[in-house]
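Build out the structure end to end from the sequences listed, making use of the hints.
The chain contents come next:
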Amino acid sequence: MTRNLDNNQQTWEDLARAAQAGDKAAYQTLLREIIPFARSVLVGRLANPSWVDDVVQEVLLSTHKALHTYDPQKPFKPWLISIINFRRSDFLRAYYRKSHKKETTLESLDAQTIYVTNDGIEGEWKDVENALDDLPKKQKRIFKMMKIEGYTAKEVAERLDMNESAVKVSAHRTMNKLKQLLGAS
Amino acid sequence: MKKEPHNLESLISELSDQPPMVKRVFKPAALVLPWLIIVAAYLAGVIQFLGLRMDIDTVFYQPLFQFELALLGTIALTASYCAASLSIPDMGGRRWILAIPAMLLAVFVGLMGWYFTGEDFHMPVHAWHHCFSAALLMCFVPIAVLLLLVRKGNTTRPYMMAAMTLLSVSALAWGGMRLSCASGDIGHIFFFHFMPLIILAIIISALARRLYRW
Numbered sequence: 001m002t003r004n005l006d007n008n009q010q011t012w013e014d015l016a017r018a019a020q021a022g023d024k025a026a027y028q029t030l031l032r033e034i035i036p037f038a039r040s041v042l043v044g045r046l047a048n049p050s051w052v053d054d055v056v057q058e059v060l061l062s063t064h065k066a067l068h069t070y071d072p073q074k075p076f077k078p079w080l081i082s083i084i085n086f087r088r089s090d091f092l093r094a095y096y097r098k099s100h101k102k103e104t105t106l107e108s109l110d111a112q113t114i115y116v117t118n119d120g121i122e123g124e125w126k127d128v129e130n131a132l133d134d135l136p137k138k139q140k141r142i143f144k145m146m147k148i149e150g151y152t153a154k155e156v157a158e159r160l161d162m163n164e165s166a167v168k169v170s171a172h173r174t175m176n177k178l179k180q181l182l183g184a185s
Numbered sequence: 186m187k188k189e190p191h192n193l194e195s196l197i198s199e200l201s202d203q204p205p206m207v208k209r210v211f212k213p214a215a216l217v218l219p220w221l222i223i224v225a226a227y228l229a230g231v232i233q234f235l236g237l238r239m240d241i242d243t244v245f246y247q248p249l250f251q252f253e254l255a256l257l258g259t260i261a262l263t264a265s266y267c268a269a270s271l272s273i274p275d276m277g278g279r280r281w282i283l284a285i286p287a288m289l290l291a292v293f294v295g296l297m298g299w300y301f302t303g304e305d306f307h308m309p310v311h312a313w314h315h316c317f318s319a320a321l322l323m324c325f326v327p328i329a330v331l332l333l334l335v336r337k338g339n340t341t342r343p344y345m346m347a348a349m350t351l352l353s354v355s356a357l358a359w360g361g362m363r364l365s366c367a368s369g370d371i372g373h374i375f376f377f378h379f380m381p382l383i384i385l386a387i388i389i390s391a392l393a394r395r396l397y398r399w
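Just so you know, the protein sequences line up as chains A and B, in that order. Numbered per this note's numbering, the first sequence finishes at 185, counting up by one with no gaps. Numbered per this note's numbering, the second sequence finishes at 399, counting up by one with no gaps.
Hints were generated in silico from the structure; no laboratory data involved. Cβ atoms here follow ideal geometry from the backbone N, Cα and C, with glycine treated the same way. There may be inaccurate statements among the hints.
What the hints assert, rightly or not - Only pairs whose alpha carbons sit at most 27 Å apart, straight line, appear in this in silico DSS-like list of lysine-lysine: (1) A:Lys-168 / A:Lys-154; (2) A:Lys-147 / A:Lys-168; (3) A:Lys-65 / B:Lys-212; (4) A:Lys-137 / B:Lys-208; (5) A:Lys-24 / B:Lys-212; (6) B:Lys-337 / A:Lys-65; (7) A:Lys-126 / A:Lys-140; (8) A:Lys-137 / A:Lys-168; (9) B:Lys-208 / A:Lys-77; (10) A:Lys-65 / A:Lys-24; (11) A:Lys-154 / A:Lys-137; (12) A:Lys-98 / A:Lys-138; (13) A:Lys-74 / B:Lys-337; (14) B:Lys-212 / A:Lys-77; (15) A:Lys-65 / B:Lys-208; (16) A:Lys-154 / A:Lys-138; (17) A:Lys-137 / A:Lys-74; (18) A:Lys-126 / A:Lys-144; (19) A:Lys-177 / A:Lys-154; (20) A:Lys-24 / B:Lys-337; (21) A:Lys-137 / B:Lys-337; (22) B:Lys-212 / A:Lys-74; (23) A:Lys-138 / B:Lys-212.
Stated by the list, open to error - Covered stretches of chain B (in silico footprint by chain A; criterion: 3 or more residues with CB under 8 Å from a CB of chain A, positions within the stretch not fixed): (24) 194-207; (25) 267-274; (26) 334-341.
Stated by the list, open to error - Partner residues aside, some chain A positions facing chain B, computed with beta carbon under 8 Å: (27) Tyr-27; (28) Gln-28; (29) Leu-31; (30) Ile-35; (31) Phe-37; (32) His-68; (33) Lys-74; (34) Arg-88; (35) Tyr-96; (36) Gln-180; (37) Gly-183.
Written out as structure tokens, the structure is:
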């Protein structure tokens, strides 16, 4: 079901009012219509798209618990957005509290899959990978270690038995080359 | 409510089977009013129990003292209203009201600074004074009742809620102490009037998320 934004707000207020009066159908419609909106708010604010539905689920439960605090005389959307942001913060807090307890070595860092790759930017990431493939093997290795895996220039130099400033120069040149290949201004 | 991961459709069916019947929409004023009545009665009882300060007949008619009490009362009222408003997820679109108790607090801090300018700080000779327990006693019921009342709502800003609850209760306790203790010594006021409120603030802040979890 698609509605334009202005109609949506008016409709949600009516639906919420009806839901508060015990109208099951209106409540079901309201909850169903909240989902795409909550997803659209959350998708750009969570690094991993698979988290979105977890938070949406919390948002639905919270809407259920807090519906008595909604005043039908006021807009519904700000009320809902406050709940969405609150549940998102809660989710991230719980996630990072757990993740800090896990030991991760730099070699096994899954930053690319968790923090970088995202459905919305998968194409861009592939372009970067393709551009990197066009570079000489050593240059590519240095760039990946420094810019993706998070090693310092000193650590890379030690691992590859190179001079530190040579490593920095190589990474800098690779960055310029990638900008050129990917058409960045 | 039991939830299954990512099964949003069944969750909707489950929730819509039992729509929350709302007889009366949550109103902050309706929450603050019973609190004020309970607290006014309680504080009157506590002050009666502790006894009014000896020089009450003199100080009560001093304009500055009256101004201080009026200021504390207004801080308590506005901060408790803010705490109640914070029980609504978006505060009903009136976030600006948080500025009112904050500004009044700034005036109060300025007033206290002016009071104590030029006064010497003396370390209290006693490790314990009945004023310490009196300050805690004045906070105990007001904070417990306010915590219970605001839990009827659903806050999305638990720390701000804790701050407003504390500000409200501290203003009342401070006012109560001014009516029952005649000491003007900074050391005494700091350690036995102000310190209990700081301890309470630390405890409530540490527990804010748990207290207002929903």
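Going down the list of hints, with the structure as the test:
This hinted pair checks out: A:Lys-168 and A:Lys-154 have alpha carbons roughly 9 Å apart, not beyond 27 Å. Taking the CA atoms of A:Lys-147 and A:Lys-168, the gap is near 11 Å; set against the 27 Å cutoff, the hint holds. About 16 Å separates the Cα atoms of A:Lys-65 and B:Lys-212, which keeps this hinted pair within 27 Å; it holds. For a cut-off of 27 Å, the pair hint linking A:Lys-137 to B:Lys-208 is broken: about 70 Å separates their Cα positions.
For the hint pairing A:Lys-24 with B:Lys-212, the CA-to-CA distance comes to about 24 Å; that is within 27 Å, so the pair holds. At most 27 Å may separate the alpha-carbon atoms for a hinted pair to count; B:Lys-337 and A:Lys-65 meet this at roughly 11 Å. With a C-alpha separation of about 15 Å, the suggested pair A:Lys-126 and A:Lys-140 falls inside the 27 Å cut-off, and the hint holds. Restraint check for A:Lys-137 and A:Lys-168: satisfied, since their Cα atoms lie roughly 16 Å apart, inside the 27 Å limit.
With a C-alpha separation of about 22 Å, the suggested pair B:Lys-208 and A:Lys-77 falls inside the 27 Å cut-off, and the hint holds. A threshold of 27 Å between alpha carbons decides the hint, and for A:Lys-65 with A:Lys-24 the separation of about 15 Å falls inside it, so the pair holds. About 19 Å separates the Cα atoms of A:Lys-154 and A:Lys-137, which keeps this hinted pair within 27 Å; it holds. Straight-line distance between C-alpha atoms of A:Lys-98 and A:Lys-138 comes to about 37 Å, which puts the hinted pair past the 27 Å bound.
Between A:Lys-74 and B:Lys-337 the CA atoms are separated by roughly 20 Å; this keeps the pair inside 27 Å, and the hint holds. With a C-alpha separation of about 19 Å, the suggested pairing of B:Lys-212 with A:Lys-77 holds against the 27 Å cut-off. Restraint check: the Cα-Cα separation between A:Lys-65 and B:Lys-208 comes to about 15 Å, which is no more than 27 Å; the hinted pair holds. Between A:Lys-154 and A:Lys-138 the alpha-carbon distance is near 16 Å, which keeps this suggested pair within the 27 Å criterion.
Straight-line distance between C-alpha atoms of A:Lys-137 and A:Lys-74 comes to about 61 Å, which puts the hinted pair past the 27 Å bound. Under the criterion of a C-alpha separation no larger than 27 Å, the hint pairing A:Lys-126 with A:Lys-144 is consistent with the structure, at around 14 Å. Our distance criterion of 27 Å between C-alpha atoms is met by A:Lys-177 and A:Lys-154, whose separation comes to about 22 Å. Proximity of A:Lys-24 to B:Lys-337 is assessed by CA-CA distance (about 23 Å); at most 27 Å being required, the pair is judged to hold.
About 63 Å separates the Cα atoms of A:Lys-137 and B:Lys-337, which puts this hinted pair outside 27 Å; it is violated. At roughly 13 Å between alpha-carbon atoms, B:Lys-212 and A:Lys-74 fall within 27 Å of each other, so this suggested pair holds. Restraint check: the Cα-Cα separation between A:Lys-138 and B:Lys-212 comes to about 67 Å, which exceeds 27 Å; the hinted pair is violated. Using a Cβ-Cβ cut-off of 8 Å, 10 residues of the segment 194-207 of chain B lie near chain A, which meets the minimum of three, so the contact claim holds.
With a threshold of 8 Å between beta carbons, the proposed coverage of the segment 267-274 of chain B by chain A holds, since 3 of its residues qualify and at least three are required. Counting residues of the segment 334-341 of chain B whose C-beta sits closer than 8 Å to any C-beta of chain A gives 3, which meets the bar of three, so the coverage hint holds. Of the supplied interface hints, the one on A:Tyr-27 holds, with its beta-carbon coming within about 4 Å of a beta-carbon of chain B, less than 8 Å. Nearest Cβ of chain B to the Cβ of A:Gln-28: about 4 Å, under the 8 Å cut. The hint holds.
Interface restraint check for A:Leu-31: the shortest CB-CB distance to chain B comes to about 5 Å, inside 8 Å, so the restraint holds. Checking A:Ile-35 against chain B: minimum C-beta separation of about 6 Å stays under 8 Å; hint holds. Restraint check, A:Phe-37 versus chain B: the minimum CB separation of about 13 Å is more than 8 Å; hint violated. Checking A:His-68 against chain B: minimum C-beta separation of about 5 Å stays under 8 Å; hint holds.
Interface restraint check for A:Lys-74: the shortest CB-CB distance to chain B comes to about 6 Å, inside 8 Å, so the restraint holds. With its C-beta approaching chain B no nearer than about 11 Å, A:Arg-88 sits outside the 8 Å limit, and its interface hint is violated. With a cut of 8 Å, the hint placing A:Tyr-96 at the interface with chain B is violated, because the nearest CB-to-CB distance is about 15 Å. With a cut of 8 Å, the hint placing A:Gln-180 at the interface with chain B is violated, because the nearest CB-to-CB distance is about 43 Å.
Hint on A:Gly-183 is violated. Least Cβ distance to chain B is approximately 38 Å, over the 8 Å limit.
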